[in-house]
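One line per chain: the protein sequences are A and B, in this order.
The numbers in the numbering used here rise by one with no breaks, and the one at position 85 of the first sequence is 85.
The numbers in the numbering used here rise by one with no breaks, and the one at position 275 of the second sequence is 275.
Bear in mind the hints are in silico, worked out from the structure with no lab data behind them.
All values derive from a computational prediction rather than experimental measurement.
For every residue, glycine included, the Cβ atom is placed at its ideal position computed from N, Cα and C.
Check each hint, because a few of them may be wrong.
Claimed, not checked - Using 27 Å as the maximum straight-line C-alpha spacing, the simulated BS3-like pairs for lysine-lysine come out as follows: (1) B/LYS71 x A/LYS168; (2) A/LYS82 x B/LYS133; (3) B/LYS307 x A/LYS82; (4) A/LYS265 x B/LYS307; (5) B/LYS30 x B/LYS307.
Claimed, not checked - Okay, the calculated bits of chain B under chain A, using three or more residues with CB under 8 Å as the criterion: (6) 80 to 87; (7) 136 to 146.
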Amino acid sequence: MAELTEELSHVKAEEPGVPSTDVRVHPDPEPAGKDKERVPTVIVDDLHIIYRVYGAATDNEKGNAANALMRLVKRQGRPQMKEVHAVRGVSFVAYHGDAIGIVGRNGSGKSTMLRAIAGLLPPHSGAVYTDGQPSLLGVNAALMRELTGERNIVLGCYAMGMNPAQVKEKYDDIVDFSGIGEFVQFPMSTYSSGMGARLRFAIASAKSHDVLLIDEALATGDREFKRKSQERIKQMRQEAGTVFLVAHNLDVIEETCNRVIWLHKGKIKMDGDPKTVLAAYNA
Amino acid sequence: MSQPESAIADAQAGGPKNGTPTKGQEPLAKLAERYGLRRAIARPSLPVYLRQLWERRHFITTYATARNVSKYSNSALGQLWQVLTPLLNAAIYYVMFGLILGAKGGIENYPAFLITGMFVFTYTQRSVSSGAKSISGNLSLIRALHFPRAALPLAYTIQEFQQLLISMGVLVVLVVITGELPTWLWLLVPVALALQTMFNIGASLVLARVGASARDLNQLLPFIMRTWLYASGVFFSIQDRVVNAAHLPQWIADVMYFNPAAAYMELMRDLLMKTHELRPYIWQVCVFWAVFALIGGFWYFWRAEEKYGRG
């Protein structure tokens, strides 16, 4: 990564009261002089995302009707509604041809950020600017367990925005790739978990995307299928302009990404070339 | 959360202090503008939105059919329930109101009056209550895939419409059994249903947006629906009960007849039953509600398009 200007310890001026250890090895979006050609495809600008969670129990509360009434009387609002500040002010620029790995502990906001980039979660403040329509790889939510594999393939393809001609064209591909054979005529609820995962991946990867967002837990199934799906992902990466990859398997990230963002508690802790960031992350 | 302005303001004020490189760096919003990047979550204009929705028509119909198929996939009788459910409902209502409570009140061919009203009302009721859950019950779908969100309430209404087609077959058979003979007016039944469907789509779009943020709506809805059922004259004649029996002024009955559910029921009764008295202005009222609800519903739903999914 020649264009990386390794500004070590660019410590961020922080809003008062919020402790931070934001260390950046920042790839300068516009390195002076050289590489003017790099075209940004995704710009994340001071993104904040707040989830509202219902039904979260607070400490000194038993969820019974009398307490609920008391809360109403005391005008304490709806305490069962909690806000989770999942992403707290993330900014970065991604360029055409980038494959960006996102690492971080569970609950650090990785998946939330991907969904915001995909335009699926409205930001609380800040903005995400994109070129084309970023899409998450995954159609699980659109599929119905009670339905046959056949119906789910059609449903999933339409859910991703294909038209009937494309569905027809891809249908056999999907069945072949998933390798579930005659099970395609059975309801998905009868599938083994591996078969279900294979079919879901086969459907999800049937479409090509400008900006591709890959959340982990996709490479499931037996070894043979794992190999096949990793090949498919590689191929999709070459077709896509920019790829974001969330994974806990750091080998995959080191292999496929040219840049890594480390999220910690909703903030960017480090952003730079894979070697540096992964070394720090592992430390 | 009024987004575009505040976002640019944020970018200008908060950009540099927020850890983006400071040396000669333009605000990110400006950079985005320079390269023609668009906000990921920006709400399209209404015409564009409608076109996107049209492009998703295959998803909408497939989703509706899939839901209908999966609904009965665990029962032994399967799709037969689509016919049995309305039949059983009609039987219960007939026994309750026709035989036990004696709500007839001089209505000729009461069974036809009752089941017509029941089926028509059920269509609106089910569309509206499922529409209210269409966003709040599908958050995982909304957070995973990109499509115009109005596709969901639309799909739910279409699912109810598919069920209605079957119930209408049952209804026509039952009405003939009670002694009504087909007339030329029956040819207008699809028009009446189209108007009602327009109203249902609009109403479920409105409730979908309300239900997306007001979680308690789903608890309240059954009561609202029951009140609506009783106020719409499903099993009694409004004119008869309100004016003739209770001696209330005529305008109260007129207002009750103006309520869309009552209007669509009266229209269908006018078409199917020879003995039913024609209400004045019934077609005008039905067309008004259809157009008003459809346009208003789309507009109201579209206004919050970018907010669905926050939960």
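field: Pair hint A/LYS82 and B/LYS133, alpha-carbon separation not exceeding 27 Å
entry: This hinted pair holds, its Cα atoms lying about 21 Å apart.
message: Does B/LYS307 sit within 27 Å of A/LYS265, going by the straight-line distance between their CA atoms?
response: Roughly 24 Å separates the two Cα atoms, so the pair holds.
- prompt: Can the restraint linking B/LYS307 and A/LYS82 be considered satisfied, given a maximum Cα separation of 27 Å?
  reply: The hint holds at about 18 Å.
- prompt: CA of B/LYS30 to CA of B/LYS307, is that 27 Å or under?
  reply: holds, 24 Å
task: Between the region 80 to 87 of chain B and chain A, see if three or more residues pass the 8 Å beta-carbon test, and mark the coverage as holds or violated.
output: With 0 residues close enough to chain A, the hint is violated.
field: Coverage assertion for the region 136 to 146 of chain B with respect to chain A, Cβ distance below 8 Å, three residues required
entry: holds (count 8)
query: Does B/LYS71 pair with A/LYS168 here, judged by a C-alpha cut-off of 27 Å?
result: At roughly 26 Å apart (the allowed maximum being 27 Å), A/LYS168 and B/LYS71 satisfy the hint.
Checked against the numbered hints above, the structure violates only hint 6.
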